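My request is simple: use the sequences and hints to build the entire structure.
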Amino acid sequence: MEGQHASYPQPVEIARGIFLIDLMELGVRYRTCAYLVRDREPLLIETGSARSHDALLAGLRALGLAPTDIAYVAVTHIHLDHAGGAGQFMKLAPQAKLLVHPRGARHMIDPSRLYQGAREVYGERLDQLFGPLEPVPAEQVQEMPHESELVIGERRLLFLDAPGHASHHFAIADPVSNGIFTGDSAGLRFVKGFTGFPYEFVMPSTSPVDFDPEAVHRTCEMFAKLPMETVYQAHFGPSPKEEALTETVYYADRFRELIERTFDDHPSPEALEQAQAEIVRERLRELGLDPTAFRPQAIHLDLMLNALGLLAYESRRRRKMGSAG
1306 MEGQHASYPQ PVEIARGIFL IDLMELGVRY RTCAYLVRDR EPLLIETGSA
1356 RSHDALLAGL RALGLAPTDI AYVAVTHIHL DHAGGAGQFM KLAPQAKLLV
1406 HPRGARHMID PSRLYQGARE VYGERLDQLF GPLEPVPAEQ VQEMPHESEL
1456 VIGERRLLFL DAPGHASHHF AIADPVSNGI FTGDSAGLRF VKGFTGFPYE
1506 FVMPSTSPVD FDPEAVHRTC EMFAKLPMET VYQAHFGPSP KEEALTETVY
1556 YADRFRELIE RTFDDHPSPE ALEQAQAEIV RERLRELGLD PTAFRPQAIH
1606 LDLMLNALGL LAYESRRRRK MGSAG
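Whatever position you read off the sequence shown (first residue = 1), add 1305 for the numbering used here.
Everything labelled a hint here was simulated from the structure, so no lab data went into it. Note that the coordinates shown come from a computational prediction; the quantities given were computed from them, not determined experimentally. Be a bit skeptical, because a hint or two may be false.
Said to hold, decoys possible - Distance ranges between label pairs, derived from CB positions:
1) Arg-1566 / Glu-1454: 41 to 47 angstroms
2) Pro-1440 / Ser-1312: 27 to 33 angstroms
3) Met-1626 / Pro-1442: 38 to 44 angstroms
4) Arg-1366 / His-1571: 46 to 52 angstroms
5) Tyr-1504 / Met-1626: 35 to 41 angstroms
Unchecked claim - In silico DMTMM-like links for lysine to aspartate or glutamate, alpha-carbon gap of 20 angstroms or less:
6) Lys-1396 / Asp-1374
7) Lys-1497 / Asp-1374
8) Lys-1625 / Glu-1519
9) Lys-1625 / Glu-1562
10) Lys-1530 / Glu-1519
11) Lys-1396 / Glu-1318
12) Lys-1396 / Asp-1359
13) Lys-1530 / Glu-1444
14) Lys-1625 / Asp-1517
15) Lys-1497 / Glu-1548
16) Lys-1497 / Asp-1359
Just so you know, even glycine gets a beta-carbon here, dropped at the ideal spot from N, CA and C.
Spelled out as structure tokens, the structure:
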């Protein structure tokens, strides 16, 4: 789909030496982005899916870079909209190292289980949405455990285990830009260009299968203690840290309450989607934003994935309770 675009959005410098590249996920602007950290050893954060490959290359080209100029590629976690195109990109960047959470490294080397898990969520649409998964040579994969550091020039980056959205998730703290690359661990920012709403808002993703609200709290508490004031979200762009953390924790708690309260009634994903929409409207009203301007269909995919993830979370929680009993 993306290959049909004659041109792609120009990268935007959002902080000194940090460029946002719109990955045109699903052929749509303002949904998913990568970040290029321009330093002595350039670092690319996220590759997007294989369907975003052309947009990523175009963004680098606009910055005067080719894949062979990149020293490191970091994927915050291995969900396909972040790392599905890593194998494709790393073939063009044989000199680069792929930085990945220790829990995700083996799935980059052999993506068969990752593909199967995604297939269970997306079904027959998987290839259409995200494209093929290609393995990354083991010698190019570098695990980044909690509190490991990477010096790429003037920047000394700190890698932090950041579960909640996914167990294989890390975040990257950058003192130079006073920001944290949070992937999906500190919510998603729904910007006006994507939704068409007259305002922007932050909401977490509870997509299958690792959502853990207690871990969301711990991760957000960790971020709150860091001196950085901005988070760089993969969906989409920078947010004030305080806003991102407050909204992520608020919705994680409300969504957990929703599924724990309704699970025994066997709610459908569609019913949970509608219930989430009501929670969003209520929160927008509390924030002084017009809830009538919120159209759930604009973020239908996100709400549906949230619903599936909430069902998986509560099923898992009850199994653990049963085995503990």
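Here's how the hints hold up against the structure:
1. Our hint of 41 to 47 angstroms for Arg-1566 and Glu-1454 holds, since their Cβ atoms are close to 43 angstroms apart.
2. A hinted range of 27 to 33 angstroms for the beta carbons of Pro-1440 and Ser-1312 is consistent with their spacing of about 31 angstroms.
3. Evaluation of the 38 to 44 angstroms hint for Met-1626 and Pro-1442 yields a pass: the beta carbon distance comes to about 42 angstroms.
4. A beta carbon spacing of about 50 angstroms between Arg-1366 and His-1571 agrees with the range 46 to 52 angstroms that was offered as a hint.
5. One distance hint, 35 to 41 angstroms for the beta-carbon pair Tyr-1504 and Met-1626, holds here, with the actual separation near 39 angstroms.
6. For the given pair, Lys-1396 sits about 13 angstroms from Asp-1374 by alpha-carbon distance, which is consistent with the 20 angstroms threshold.
7. Restraint check for Lys-1497 and Asp-1374: not satisfied, since their Cα atoms lie roughly 33 angstroms apart, outside the 20 angstroms limit.
8. Note on Lys-1625 and Glu-1519: the hinted pairing holds, with a Cα-Cα distance of about 15 angstroms set against a maximum of 20 angstroms.
9. Our distance criterion of 20 angstroms between C-alpha atoms is met by Lys-1625 and Glu-1562, whose separation comes to about 18 angstroms.
10. With a C-alpha separation of about 17 angstroms, the suggested pair Lys-1530 and Glu-1519 falls inside the 20 angstroms cut-off, and the hint holds.
11. Distance check on the hinted pair: Lys-1396 and Glu-1318 sit about 27 angstroms apart at the alpha-carbon level, beyond 20 angstroms; violated.
12. Only pairs whose Cα atoms come within 20 angstroms are accepted, and Lys-1396 paired with Asp-1359 is accepted, the gap being roughly 14 angstroms.
13. Restraint check for Lys-1530 and Glu-1444: not satisfied, since their Cα atoms lie roughly 35 angstroms apart, outside the 20 angstroms limit.
14. Taking the CA atoms of Lys-1625 and Asp-1517, the gap is about 13 angstroms. The hint holds against a cut of 20 angstroms.
15. Restraint check: the Cα-Cα separation between Lys-1497 and Glu-1548 comes to about 17 angstroms, which is no more than 20 angstroms; the hinted pair holds.
16. Restraint check for Lys-1497 and Asp-1359: not satisfied, since their Cα atoms lie roughly 24 angstroms apart, outside the 20 angstroms limit.
Consistency with the previously given hints fails for numbers 7, 11, 13 and 16, ordered from lowest to highest.
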